[in-house]
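Chemist: Keeping their order, the protein sequence lines are chains G and E.
Residues in the first sequence are numbered from 347 upward in steps of one, following my numbering.
Residues in the second sequence are numbered from 263 upward in steps of one, following my numbering.
Calculated from the structure, these hints are not laboratory results.
Treat the hints with care, since some could be wrong.
Using C-beta positions, here's what the derived DEER-type ranges look like [said to hold, decoys possible]: (1) N577/G with V644/E: 54 to 64 Å; (2) V1232/E with N577/G: 35 to 45 Å; (3) N567/E with E352/G: 39 to 49 Å; (4) D1040/E with Q576/G: 46 to 56 Å; (5) R532/E with G502/G: 53 to 63 Å; (6) N526/G with K489/E: 31 to 41 Å; (7) E352/G with P408/E: 35 to 45 Å; (8) K489/E with E352/G: 19 to 29 Å; (9) V340/E with N526/G: 45 to 55 Å; (10) V340/E with F410/G: 34 to 44 Å; (11) K489/E with F410/G: 55 to 65 Å; (12) L607/G with K489/E: 23 to 33 Å.
Here chain E is said to cover these stretches of chain G; the calculated rule only asks that three of the stretch's residues, wherever they fall, bring their Cβ under 8 Å from a Cβ of chain E [as the list claims (entries may be wrong)]: (13) 544-552; (14) 560-569.
Since this is a predicted model, take the numbers as computed values, not measurements.
Idealized CB from N, CA, C, for every residue including glycine.
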Amino acid sequence: MGIVEEAHNVKVLGSGDRVTVLAHGFGTDQSVWKHLVPHLVDDFRVVLFDNMGAGTTNPDYFDFNRYATLEGYAFDLLAILEELRVESCIFVGHSVSAMIGAIACISRPDLFSKIIMMSASPRYLNDVDYYGGFEQEDLDQLFEAMGANYKSWCSGFAPLLVGGDMESVAVQEFSRTLFNMRPDIALSVAQTIFQSDMRQILSLVTVPCHILQSVKDLAVPVVVSEYLHQNLSSESIVEVMTSDGHLPQLSSPDIVIPVLLKHIRYDISTV
Amino acid sequence: MRAGLSTIQQTLTPEAASVLNHSIAEASRRNHGQTTPLHVAATLLASPSGFLRQACIKSHPNSSHPLQCRALELCFSVALERLPTAQSANSGGSPALDPPISNALMAALKRAQAHQRRGCPEQQQQPLLAVKVELEQLIISILDDPSVSRVMREASFSSPAVKATIEQSLNSTSSNSANTAGPIGLGFRPVIAPASTVAAPSANRNLYLNPRLQQGAASQQRSEEVKRVIDIMMRSKKVNPVLVGDSEPELIVKEILRKIESKEIDGVLRNVEVVHVEKDFTLDKTQMVAKIKELSTKVGAMIGNLDCGGVILDLGDLKWLVENHQAIGLAGGVKQQQQTVLEAGRAAVVEMGKLLGRFGEGSARVWLIGTATCETYLRCQVYHPSMESDWDLQAVPIAARAPSPGMFSRLGSNGILGCSVESLSPLKGFATTTAQPRQTSENFDPSRKTGCCPQCMQNYKQDLAKLLAAKEFEQSSSELTRPALPQWLQNAKAHDSDVKTVDQTQTKDQEVIWTQKTQDLQKKWNDTCLQLHPNFHQPSIGSERFAPAALSMMSYNSSLLGRQPFQPKLPLCKNIGETLQLNPHLVASQPMERTSSPPGSPVKTDLVLGRPKTIEITPDRTDKERLQDFLGRIPSEPQNKLQDLQSNKLLNTSAESFKKLVKGLVEKVWWQRDAASAVATTVTQCKSGNGKWRGSCSKGDIWLLFSGPDRVGKKKMASALSDQVCGAHPFVICLGSRRDNGESDVSFRGKTVVDKIAEVVRRNPFSVVVLEDIDEADMLVRGSIKRAMERGRLADSHGREISLGNVIFILTANWMPSDLNFTSNGISLDEKKLASLASGGWQLRLSLCEKTAKRRASWLHEEDRATKPRKESGSLSFDLNEAADVEDDKAADGSHNSSDLTVDHEEHGLTNRLLSSSTSSSASHELLNTVDEVIVFKPADFGPIRRDISNLITKKSCNIIGNKVTIEIVDEALEKITSGVCIGRTGLEEWTEKALVPSLRQLKTQMPTSEESLVVRLELDSESCNRSHGDWLPSSVKVVC
């Protein structure tokens, strides 16, 4: 097993001609796809991996400089694809990973046949003519809380983000993976993500994008998906799902999995 | 020694020679006895934008701060200070001779030369003088010098790492094919230093890899360093190591101490206690002396213990001796503080010295171990000069980790995107500097010059290809043992010196055999050619060639040019293809011929450009032109050379060569006369350094934008230009949606357009590259191209940058400046239609027949064309230009291109289109401004072209057969000829001379003498169709009586 595969806990499951890469977002790891994977393994080669900084990765490998921008993660993604000699893949990116995929596909459009963006946002901060859902003060408070007491921040943040009560399985699950992260790394990752502004690159994307979005999501307002649709230079399609929360694949798999499967299996013209 | 020097300088390229000169001057200034590699290194480092400096910065794994280089400079200047000065010679005050070159430097120069010769792959051993040592090679061999390495180590730079960086940059710009074919490139050298041990496990390293993941690889290096430190501690003098370096030396100390504490080490270090003292000292400087005294007692007690074999004092980072943390932020009193720190430090040094002295003897010893950054250690040396000897210290430089993985290692914080593209390429600084000399040297490769006529050349190439295939197979099979790598990594691996050392000798042998084989093959074909086609080798058309090297040689002894008499020997060599096997004698003699030959006598500089595969020698190209081409490429105009070594000023364009170029272009594309002359003007101007952007920096690349709807004309012009300038086909890359030509190379599949361009440029640094339909290219591609224009370098999608070399780029677009008046009322040239007409292996015949009363009025008439059944009637319509039918279907601007009555309408529509396209993409405007010249192609009509052709044919036949017999050209035939001329590469004149004229002559001999009523008919010959595929025009015309 290569060094990259090991470091990112890469798992390749299933069989098929086509490759689907599932990339998790902030505070989770590849287990976030557990409801989806069983439906894919018959038709696809499914690549699962953990982003650097996730609780399941070795914190020694987390280079704060490298991961100060999303490009660091994009390089990791490309490294994995190169290592596995993937020639073309369907990339499913959740949350920040959707943007990571977008960056990577600008660099290597040949590697991506399409990108499925789940709960993606090019920018979380509000701006003139742009509604991202957060004000700088919100974020400052968030970072402060993270730095002050990570544990309690986790237990507060998880239900908010997942959109359920503390007792629900999804929230428990998310809290677990979130708390698995080393606090300083989590803070750095969160800062990188929430301060990122990927609006400029949207016009450089040439790979078809499927934008999936929960109707109610604390982190990503629904208008953002429309913004993506408008600003991506490639073909794109938006589907707003009736699910709730930022991690709908975990919290409402019954709604989300069929939609995801549909978008993985069919291209924009046939969806 | 003086004589030696001038000989040496002749083996160097101008840049390298000037570095050497500066070094000698520096040595002389410092009054040194000899010029050593240190002087050269210091000189190389001195220029702020220097190559070495950048390589040093890049090679440094942790920091790319320029300050690092400052430290390096300091170290070098210290090292230079230490050199002995010349004792006697200069004391007289007379400006004595320059300090001679030291043996070490001489060795380095020889190494450089050897590497340079070896660095040129796939060729026979070159004559010694034909190889010029490039700056990069000089740097590399200077880095190999032990004294230089040592100084670099002192400044915590690893010379192997720096070397690796340079080699990487060299390889990345040098010809790809050569490097992938056989690992005999520049990286082909055993690297002795630790860097290579790191490189080994990383053979299949991923370009995008997180550098942190390579820590495993580093551990090996670390263990070596641990061993070195322990060796130091075991010896009897200078036993106290200080690990100097910026790459976490404390980790190594930790490792050593762990080993010692866990008793893993035998010998004197077996029963040794470790005391960590750093913490005691960092907090309060004033207490340091007291602390050390305390420590001394403690150590005494420990040693008193019988079990104890000694004590190691871990001093930690020595910065506590020279820095004061408390001082930070206190504006006032900083100096004061600093003073006290220094005093305290001095006292501490003395006290520690005492401690060591006290326990220095006896069975139990006391060791010190510490770490320092390069800067700290330098400071220690400055502020506490006695410390090194008092403490019995030995500085152990900790080599920076090898940078080879680090193509992207610092990329995390940089970017893939937007403006940060620049940062994507760590080699950016190098690209331009390296590429130029490399490409020049590629021309020096004599194996690529073959003295054959095109036909034999073709055969030779085929054989060569077979050989090459066989060779590649051999190699690939030998490589099977290694893990397969993705294609893009192969390159990187080729640099991996460690892998290489293993099979170095083997490949070397293979390489020798290979060169031998190629040579034999070449010889074989040259001989065959000489026998088969003696004409080609006649002085009249045969080209007598001398290698470019000969000319640049001249630059050093141009004074000879005037004097030397014509060498009578030359005609002997002239006709022989073997002349190419350049030898020093010819080098000396041939330039003579050039200057002494009377004007107009055929002296040819056949510069073979690009890959051999694409070479086609056009024998009728004029000497001047060739010489011009050649001089345009090599920035060494002999006459100026001595006065102005640095100057890249190219030969002034002589009006004559310009005219030749125009003539060549006009001959092929006569219907675009204005455009042809514009192209010629721009190209000659740019080559002489007067291009739009050539004011300050001279770039070899030329950018032309062919705009206008005459697709065929643009294509033909590009091909003609390529033929004139490089004697080869242009490389055509389509940026738009049009994919009609079957030129899609298999190797390009799955590559982005920019990668394709990069690939082509990399392989053919002297060529014409046509980027078709730039107006249809997507924004990304246009952006890259624009950046490439501005910067002279092209970044591919991996972020690797390549220099554009001397490529002439031709962008084609359908835009027209909107103010252009159209004067078209004929049929536009439709490429597809022409192609379908010209294809099909048609033949022509000339026949005699009775003059009929019902002669066609005019073959120019279009009416019968309309009656012909056509599939693509839409495209046949009388549209003004092709632009209209490209995408306009969607545009729905009301234009239907239906008839010639709609000229105004049409024009209007076109203008609209232009407006809309230009507003929609500001990039197009930017492109217009960035290219060297925009060349407008008028919409072309089919009619006049056909008329020209028929006129010409009629004229020819009149000349040959006489006025009495008229020639009638059958419409279909004329149409086919026209299409063939337009699409193919052959010029009209050329074709008529070659194919038609002989047949006309033949016809004349067979013609009955006094037959007034005869008509010669040029028509299609349906019976024979055995024409070789690929030609658009028949090579001969059958005569039927």
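Chemist: Indicate, hint by hint, whether the structure satisfies it.
Modeler: Against the structure, the hints come out as follows:
1. Our hint of 54 to 64 Å for N577/G and V644/E holds, since their Cβ atoms are close to 58 Å apart.
2. In this structure the hint that V1232/E and N577/G lie 35 to 45 Å apart at CB is violated, the actual value being about 60 Å.
3. For N567/E paired with E352/G, a C-beta distance near 47 Å keeps the hint of 39 to 49 Å intact.
4. Evaluation of the 46 to 56 Å hint for D1040/E and Q576/G yields a failure: the beta carbon distance comes to about 18 Å.
5. Against the hinted window of 53 to 63 Å, the Cβ-Cβ separation of R532/E and G502/G comes to about 56 Å, which satisfies the hint.
6. A hinted range of 31 to 41 Å holds for the C-beta pair N526/G and K489/E, which are about 39 Å apart.
7. Judged by the Cβ atoms, the range 35 to 45 Å given for E352/G and P408/E holds: they are separated by roughly 40 Å.
8. Remark: the range hint 19 to 29 Å for K489/E to E352/G is upheld by a beta-carbon distance near 28 Å.
9. With their beta carbons about 52 Å apart, V340/E and N526/G fall inside the hinted range of 45 to 55 Å.
10. Take V340/E and F410/G: their Cβ atoms lie about 36 Å apart, and the range 34 to 44 Å holds.
11. For K489/E and F410/G, the Cβ-Cβ distance of about 32 Å falls outside the hinted range of 55 to 65 Å, so the restraint is violated.
12. With their beta carbons about 57 Å apart, L607/G and K489/E fall outside the hinted range of 23 to 33 Å.
13. Evaluation of the coverage hint for the region 544-552 of chain G: fulfilled, as 5 residues show C-beta separations to chain E shorter than 8 Å, against a requirement of three.
14. For the region 560-569 of chain G, the proposed coverage by chain E is not satisfied: 0 residues have a C-beta within less than 8 Å of a C-beta in that chain, short of the threshold of three.
Hints 2, 4, 11, 12 and 14 from the list above are not met by this structure, while the remaining hints are.
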